[in-house]
Amino acid sequence: KQEVTQIPAALSVPEGENLVLNCSFTDSAIYNLQWFRQDPGKGLTSLLLIQSSQREQTSGRLNASLDKSSGRSTLYIAASQPGDSATYLCAVRPENYGQNFVFGPGTRLSVLP
Amino acid sequence: EAGVVQSPRYKIIEKKQPVAFWCNPISGHNTLYWYLQNLGQGPELLIRYENEEAVDDSQLPKDRFSAERLKGVDSTLKIQPAELGDSAVYLCASSIGTSGGTDTQYFGPGTRLTVL
Chain F
1 KQEVTQIPAA
11 LSVPEGENLV
21 LNCSFTDSAI
31 YNLQWFRQDP
41 GKGLTSLLLI
51 QSSQREQTSG
61 RLNASLDKSS
71 GRSTLYIAAS
81 QPGDSATYLC
91 AVRPENYGQN
101 FVFGPGTRLS
111 VLP
Chain U
1 EAGVVQSPRY
11 KIIEKKQPVA
21 FWCNPISGHN
31 TLYWYLQNLG
41 QGPELLIRYE
51 NEEAVDDSQL
61 PKDRFSAERL
71 KGVDSTLKIQ
81 PAELGDSAVY
91 LCASSIGTSG
101 GTDTQYFGPG
111 TRLTVL
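Sequence lines, in order, name chains F and U. Position one of the first sequence corresponds to residue 1 (my numbering), numbered consecutively onward. Position one of the second sequence corresponds to residue 1 (my numbering), numbered consecutively onward.
Simulated from the structure, these hints should not be mistaken for laboratory data. For clarity, every value in this text was computed on a predicted model and none was experimentally measured. From the three backbone atoms N, C-alpha and C, an ideal C-beta is built for every residue, glycine too. Among these hints, one or two may not hold up.
BS3-like, lysine-lysine: derived pairs with alpha carbons at most 25 Å apart [to be verified]:
(1) U:K62 - F:K1
(2) F:K42 - U:K78
(3) U:K15 - U:K71
Among the chain U residues that face chain F by a calculated CB cut under 8 Å, a handful are [unchecked claim]:
(4) P43
(5) Q105
(6) F107
(7) G108
Pulled out of the complex, with its shape left as it was, chain F reads as follows (with noise of 0.2 Å):
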């Protein structure tokens, strides 16, 4: 059964410094792996999806690295802003499961002004 981790579990930063959320699988065959942003009361949004045959993924100051081998994909946050602040969720969708996505629990940041 896939299950997904994400350390830590709450970062507080001030503004300005760039950070590294991580995300570990326990199964390596994936179709998928997809970064979310939560904000409180609020539905997910979709980051940024790497297919298992890619390496990294950019958007403006997000960059969403994988390595299907181990298990293992950061999510690289630049500049960071309070704007920021939200909790990230990973998802991965395994080769074997169909279409369903498996989430980790989250990272909730803070982004201190």
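Since the structure of chain F is already known, use the hints to place chain U on it.
Just chain U, lined up with the frame of chain F:
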């Protein structure tokens, strides 16, 4: 383009009462998902539809939960009777539904259920 719409946004009921949640996916999206999210955790899939067919309902507690997707568009998730442990956020998501699992999911704002 409108996103995924869910209603109600909040619902407070007493235990043993019935409750229903409604979801309208993005137009043209064939796949619809219902998730349950407990506080501090990631969403867990309850049921996935491909058009009007429920293709994965293995995580749906069928003794009290039911779902339907009429004409492959809107969907309703029902709980009857509700229990205290059902208090959570119920999220609906949709995706275009391409083969190979390469498409992304778009989420609605969720319905926060409180069972007293």
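- Could you work out which earlier hints the structure fails to respect and list their numbers in ascending sequence? 3
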